[in-house]
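Assemble chain Y onto chain G, guided by the hints.
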Amino acid sequence: MTLPKVIRGKAWKFGDNIDTDQIIPAKYAIYSLDEKELGKHAMEGVPGHETWAPGVAQGDILVGGSNFGCGSSREIAPVAIRGVGISLVIADSFARIFFRNAINMGYPILQSPQAAEAVEEGDELEVDLEEGIIRNFTKGDEYRAEPFPKFMSDLLRMGGLVPWVRKRLEERRRMSPTRG
Amino acid sequence: MGMTMTEKILARGAGRDSVRPGDLVLAKVDFAMGHDLTIPPAGKIMREQMGAEKIWDPDRVAVTQDHFQPAKDAASATLGRLTREFSHDMGIKWYFEVGQGGICHTVLPENGLVLPGELIVGADSHSCTYGALNNFATGIGSTDLACVLALGELWFRVPETLKFVYRNRLKEWVEAKDLILYVIGQIGVDGARSKAMEHTGEALRHIDMEARLTMTNMAIEAGAKNGIMEFDGVTKEYLDVRAKREYTSVTSDPDAEYEKVFEFDAEKVELGVAKPMSPDNYAPLSEVAGTKLDQVFIGSCTNSRITDLRRAAAVLENHKVAPGVRLIITPSSHQVAIQAEKEGLIGTFLAAGAAWTTATCGACLGGHMGVLGEGEVCLSTTNRNFPGRMGHPKAQVYLSNPAVAAASAVTGVISHPSEVLKKMPAAIR
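Residue numbers (this note's numbering), protein chains in the order written: chain G, 1 to 180; chain Y, 1 to 429.
FYI, nobody ran anything at the bench for these hints, they're computed from the structure.
It should be emphasised that the depicted structure is a prediction, and the values quoted were computed from it without experimental measurement.
Misleading hints may appear alongside valid ones.
To be verified - In silico EDC-like links for lysine to aspartate or glutamate, alpha-carbon gap of 20 angstroms or less:
{"hint": "1", "chain 1": "Y", "residue 1": "LYS44", "chain 2": "G", "residue 2": "GLU142"}
{"hint": "2", "chain 1": "Y", "residue 1": "LYS54", "chain 2": "G", "residue 2": "GLU171"}
{"hint": "3", "chain 1": "Y", "residue 1": "LYS236", "chain 2": "Y", "residue 2": "GLU270"}
{"hint": "4", "chain 1": "G", "residue 1": "LYS150", "chain 2": "Y", "residue 2": "GLU160"}
{"hint": "5", "chain 1": "Y", "residue 1": "LYS275", "chain 2": "G", "residue 2": "ASP16"}
{"hint": "6", "chain 1": "Y", "residue 1": "LYS423", "chain 2": "Y", "residue 2": "ASP255"}
{"hint": "7", "chain 1": "G", "residue 1": "LYS150", "chain 2": "G", "residue 2": "GLU131"}
{"hint": "8", "chain 1": "G", "residue 1": "LYS10", "chain 2": "G", "residue 2": "GLU142"}
{"hint": "9", "chain 1": "Y", "residue 1": "LYS72", "chain 2": "G", "residue 2": "GLU170"}
{"hint": "10", "chain 1": "Y", "residue 1": "LYS171", "chain 2": "Y", "residue 2": "GLU270"}
{"hint": "11", "chain 1": "G", "residue 1": "LYS150", "chain 2": "Y", "residue 2": "ASP23"}
Next comes chain G alone, as it looks inside the complex (with noise of 0.2 angstroms):
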């Protein structure tokens, strides 16, 4: 899978330290290998928002606070919100291990101070990936991201951990052919 140039949507904003607890609750964790399900719940744990996934467009926008997807390892938080469709997360910061999460998923984030701070709910989003360029129709504004190390960046384009992780066992195999 790989990633869209230009994403466009309209935006959902949500606070500071949104939690993965909030995104989607523990008890949701027994649809760990189904992502749709999941989807039905994500953000369901933040007060006000217990039906929100209904809401939500494909390809609607989500932008967060400061430290968005602290607490648990869950990989289960970015599944769920991709599983709502939701296409792209934009925060003024995220935890680590949510970043880490998405950036494996080959799903795309954005750290954006700039666009969490002056984005409003409903206003219509388009991003540019490549150059990480934010441009804000409903405002008339545009914002800047914060560019990703190399090696982040790369992940991400190639698709995730997953098909680095194939081509590292591939070269592994072709060194060693007999080991499996």
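For chain Y alone, kept in the frame of chain G given last:
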């Protein structure tokens, strides 16, 4: 330029002479852990998507059945089965079945599986716990774990290190939990985001390994990548009877570079809690004393090892849980439960009117055996109290040490343990 302990371990793992904060490295992993919520997706990704048929080293992986086990429902039973089958198929040496292991972060240290100088990853955010044993240990996701299982290596960004120096000694009643809650209250839940927390100073030399594990356990609650402590006589003694492999301890160089150094006078730290709904919402106990409780929970990888249970039992001895309150005590491992039985602690808990459960993560993450309902107020010895963590998003959770929790169960309101017990016996402080 010298290196910190964290930098040295990552440099060794990456096969380099030195690393600097911000470097991205590919490093060899010494030990990996997963559990019933993270092994099923990791196993599926590893086999079906990455195309790996076996794991890199079955002797260097531990798997616990702890989060929703013993199975809380049919779906959890499926996750337990997938975890069991994967562990069996891969020949994982350190597989801990229900009734034989317990919570991963107690099981790995008590079995001597996480050692000084090592690079350890666990598919659970509280994997940072192991760092009290002088290693680099961090939490990862399931795709990360699949990568480690397939290759024995993983990418890391070398973190900046924050140094925390604790001068003097903790006062009577004040525990490691109070100290770390205070620190998180000072720096915030993102105060150490993606950074290493290196804990040092006189106060740490006077606390035992279990108390140290409580402190590194909560590094993630400040957003840290890892928490790490120095190797000393306490570490050596703990490992002499446990270590399953040879190890080499690691020290920070005198000229190592720290992003920031925090100094605290441990003697000035009071008994404290984290108020709802965030681990950094610190308050001295005196500020919340008298808060009426529905439930008290003593459990979790943070504060339910044998020393924690001894202090809780000392408080509960010859007392009853107050009417209108329920006290749930969950040992953090099967070994802890066996020891508690030997010492007569379980009898004390049962006589006090507490519910004693098998070892599981259980109520801590709102899984089972103590999930909170709407509007309920709980005092808990766990690590995290974000909205909904232990059940209903409108439940109110306070975090404290085990002696405060036990005393509050007796009085029915948040209380200082001295209201119930005159003095904590020196031997179990």
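Q | Structure versus earlier hints, numbers of those that do not hold, lowest first | A | 1, 3, 6, 9
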